[in-house]
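Chemist: Given only the sequences and the hints, what does the whole structure look like? Please build it.
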Amino acid sequence: VAETIPRWQVTKILQILFSSILLVSCAPRLPIFIQDVWVSEPPTVGKIVRLGIRVKSISDEENIIVTMNFPDTVAVIESPLRWEFGLKDNEEKAVFSDICVLESGSWLIDVGIASLYENGEMKYGDLRAIGVNSYPSEARVLLEKDITYSQAAETQRSNYEVVKASIDECSR
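Heads up, the sequence shown stops at 243 in our numbering, and the numbers go up one at a time, no gaps.
In short, the hints are calculated from the structure, not lab data. Warning: the hint list may mix true and false statements.
To be verified - In silico lysine-lysine, DSSO-like type, Cα no more than 30 Å apart, as pairs: (1) Lys118 with Lys164; (2) Lys118 with Lys216; (3) Lys127 with Lys164; (4) Lys194 with Lys159; (5) Lys118 with Lys235; (6) Lys164 with Lys194; (7) Lys127 with Lys159; (8) Lys194 with Lys127; (9) Lys235 with Lys216; (10) Lys216 with Lys194.
What the hints assert, rightly or not - Have a look at the derived ranges for each label pair, beta carbon to beta carbon: (11) Glu162 with Glu209: 43 to 49 Å; (12) Ile148 with Arg211: 17 to 23 Å; (13) Asp217 with Tyr188: 29 to 35 Å; (14) Glu174 with Asp217: 19 to 25 Å; (15) Gly191 with Asp107: 27 to 33 Å; (16) Glu215 with Asp239: 27 to 33 Å; (17) Leu213 with Ser237: 24 to 30 Å; (18) Phe167 with Phe104: 15 to 21 Å; (19) Gly191 with Ile238: 32 to 38 Å.
Backbone N, C-alpha and C fix where the C-beta goes; we use that ideal spot for every residue, glycine too.
Modeler: So this is what it looks like as structure tokens:
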């Protein structure tokens, strides 16, 4: 099982990323961004699935960092929470984490991407929320732009029995 990042560190990283996004929000497009997210199969409770995230650069970026922060209800199985690499102009790269949903419900995974100067200061950043729905009638992941709220759906979901699994019960 991967180590979790302390909450205060995640909060600080998110604050820095959010500040950077505000500073460059006038730009039509960031030079680095999260292009896509997917899972190998529906993320049902107790099933290990592969979460994939594709990042893209529209300029040469030598020092890119991608981080993921998971809620306690989503376990990371022997996968990193941070990747470092470089991308050339118009290049894409996919990073993967094996995850297991431990409790039925709707959960958010925060994904941050940053490009750094040689001295370690941030040039650009992008932050996205990935929604994970894991219910008996639906199990999927969504980019934040696709996350919607429906009172009718929430009412229906509130009638579902809560399904839980321990990390030892997770399997492929």
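Chemist: Each hint should be assessed against the structure and marked as holding or not.
Modeler: Against the structure, the hints come out as follows:
A threshold of 30 Å between alpha carbons decides the hint, and for Lys118 with Lys164 the separation of about 25 Å falls inside it, so the pair holds. Distance restraint check for Lys118 and Lys216: the Cα-Cα separation of roughly 26 Å lies within the 30 Å cut-off, and the hinted pair is therefore satisfied. Between Lys127 and Lys164, the direct Cα distance comes to roughly 7 Å. Compliance with the 30 Å bound is thereby established for this hinted pair. For the proposed pair Lys194 and Lys159, the alpha carbon gap of about 16 Å is at most 30 Å, so the pair holds.
Note on Lys118 and Lys235: the hinted pairing holds, with a Cα-Cα distance of about 11 Å set against a maximum of 30 Å. Between Lys164 and Lys194 the CA atoms are separated by roughly 19 Å; this keeps the pair inside 30 Å, and the hint holds. A hinted pair counts as satisfied when its Cα atoms are at most 30 Å apart, and Lys127 with Lys159 qualifies at roughly 9 Å. Annotation: proposed proximity of Lys194 to Lys127 holds, straight-line Cα distance about 15 Å (limit 30 Å).
Distance hint between Lys235 and Lys216 is fulfilled; the C-alpha atoms sit about 28 Å from each other, no more than 30 Å. For the given pair, Lys216 sits about 24 Å from Lys194 by alpha-carbon distance, which is consistent with the 30 Å threshold. Against the hinted window of 43 to 49 Å, the Cβ-Cβ separation of Glu162 and Glu209 comes to about 34 Å, which falls outside the hint. Taken as a hint, the range 17 to 23 Å holds for the pair Ile148 and Arg211, whose Cβ atoms sit roughly 19 Å apart.
For Asp217 and Tyr188, the hinted distance range of 29 to 35 Å is satisfied, since their beta carbons lie about 33 Å from each other. At about 22 Å, the beta-carbon gap between Glu174 and Asp217 stays in the expected band of 19 to 25 Å. Here the CB-CB span from Gly191 to Asp107 is close to 28 Å, well matched to the stated 27 to 33 Å. Checking the proposed 27 to 33 Å range against Glu215 and Asp239 shows it holds: the Cβ atoms sit about 31 Å from each other.
Against the hinted window of 24 to 30 Å, the Cβ-Cβ separation of Leu213 and Ser237 comes to about 26 Å, which satisfies the hint. Between Phe167 and Phe104 the CB atoms are about 18 Å apart, so this pair conforms to the stated range of 15 to 21 Å. Against the hinted window of 32 to 38 Å, the Cβ-Cβ separation of Gly191 and Ile238 comes to about 34 Å, which satisfies the hint.
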